[in-house]
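2 protein chains.
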Amino acid sequence: MDKKKITFADIAKYTNFSKTTISRYFNDPDSLTLENQEIIAQALIDLDYQENKLAKVFANGKSEFVGIIVPNLYLHYYAEMLNQILNTYEKFGYKFLVFVGNHQKEIERQYIQELLAYKIEGLIILSHTISSEELASYNIPLVVIEREDRHVNSINTDNYMGAVQATSLLIRNHCDVLLHINSPVAKDIPSYGRIQGFQDTCREHGVEHEMIIRNPGHSHKEIHACMSEIYEYMEQKYPGLRKGLFLANDTMANSMLNVIFRKHGSLPDEYRLIGFDDSPVADRAILPISTIGQQIDKLAYEAMELLVTLMNERKKRRPMPQTELIHKNITPVLIRRETTD
Amino acid sequence: MDKKKITFADIAKYTNFSKTTISRYFNDPDSLTLENQEIIAQALIDLDYQENKLAKVFANGKSEFVGIIVPNLYLHYYAEMLNQILNTYEKFGYKFLVFVGNHQKEIERQYIQELLAYKIEGLIILSHTISSEELASYNIPLVVIEREDRHVNSINTDNYMGAVQATSLLIRNHCDVLLHINSPVAKDIPSYGRIQGFQDTCREHGVEHEMIIRNPGHSHKEIHACMSEIYEYMEQKYPGLRKGLFLANDTMANSMLNVIFRKHGSLPDEYRLIGFDDSPVADRAILPISTIGQQIDKLAYEAMELLVTLMNERKKRRPMPQTELIHKNITPVLIRRETTD
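Just so you know, the sequences run in chain order A and B. The first sequence finishes on residue 362 if you use this note's numbering, and the numbering steps up by one all the way, no holes. The second sequence finishes on residue 362 if you use this note's numbering, and the numbering steps up by one all the way, no holes.
Bear in mind the hints are in silico, worked out from the structure with no lab data behind them. Misleading hints may appear alongside valid ones.
Unchecked claim - Only pairs whose alpha carbons sit at most 20 Å apart, straight line, appear in this in silico EDC-like list of lysine to aspartate or glutamate:
no.	chain 1	residue 1	chain 2	residue 2
1	B	242	A	359
2	A	112	A	318
3	A	242	B	359
Next comes chain A alone, as it looks inside the complex:
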């Protein structure tokens, strides 16, 4: 804090440029040749490293900041995705300004405006509140993960393939009837693929099946009550049949397993069960739960790699406009544990 501030005069003296030239460097760098910009940038480093970063940002907008917006950090999925994105610092050198949306659209918008004012170079969006059309209008390198993506670049889990893997395993486990338990999902959300993959696979194999779509709420108690109710329903409707349950996430799967296990003191032969996500709750359940593992490390890395490519293009003197959106799918992994054969 007490370091002597360098003045334009100091920089001018050091570089043998006029003070006007130094002033132009900060105010209108493109009026200088690239060589002269570099000489001045180097002088700033030589004279006082601490000043350099902001001076460079101020001059050319290369802040090396990326904004991230996650909907929440309560779900392990988002916490782990954030973790994996932040871990790319070592590889790419970008620093991350992080915001938790909590479904407050207006505050999210305000935050993005602030980030743009700070000349962030790119954005990674995991929250669902702002439409991809609006996101595209910000005209900044941008990648979304697992959300509506019609007008923006995206990296998604191949949800359809995940559902095919889960459903096929339940069929191989000789289940008589298959049930997919999910909450309402819009068709333009990637995770809708879980519903489609389940239905297609059941039809293809001619297996009796049913979709159970409920809004189980967010609290543990609400989810538990919802799963209890579904359990009673299944017991009544499919007595004596072996039921294969494909649950849309591991939190639901854990709650359902607890309901069954408490009734029977174990997981009876009549039930087979698989979740989705490979979150810690699956591994730590009373019986380790089979699940479809999203490759969060790959999703995060691919998103950042794509964003870096887009940001590098923007830094060129004559950047090429992106002519086609990029949508990339990452195949999930079947993880067999103790709730399936």
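Since chain A is already given, all that's left is putting chain B on it; use the hints.
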């Protein structure tokens, strides 16, 4: 990107100052009166909001950035703490640059140096790698949470009180012998209070007790194996006695409950069990686990509020140096669920 850049000439014309004065604003703002600084700052807003933020930072170092370093986001405790800190954006307006340390001291150091170069105004540290002595030497407003804090300001959970609450409940539950299961903890870490509080309370009440200190590892499998081994040990050493278990965190408590529940198909009367943290795993266990709830929202808010006070002091023309370190304790809350009476 295509917005016309404002020049010093534009600002000079708008404010009726000379170009030299504008240049001094960016280069040596303290050579201007506060009033004139404000007139120019306002002009920058009026002329082009996008430029303003960085110009202001460049001029006076008020970046409104705070750096956060967490050790990992795998533990819910850190993810939720980060969440609560980020949520103070609405209240205080600070934006957060977030880094996950993963116990890599050198990269943590490098990251902090980068942050300082970007003129962050303050730091919140949750990771344990860098000593408080070194942190203090950075000479920047700084608050740590639940870690060694001899030379820096800190906000901590009152771990001792939490242990007293847990131990007292087990005594009221008429347990014959009390066991505290923990991993090795250094005495200068706040969470050492859990060990001390347990021992003092047991001695005060003249209750038979034992400390079981193990390094259970990090993976679910390792923890499960460790808890199985401790279970066999307890069964052998204290047959027929009612055992009250106080586990150092909910992850261990969940794992121990699973071991017991799988053996017996329920939680037998011979065991009473309480964890620490109130992480989701406690609520979602096969039986909801009693626990000591850390008030993460309060810890986060108090840390940020203290940091804001320190940062505001720094912004004054003649900041007062901090003469005494501030250490604040937040009392945790006893949460009674189904693993205690």
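Among the hints numbered above, which are violated by the structure, and what are their numbers in rising order? none
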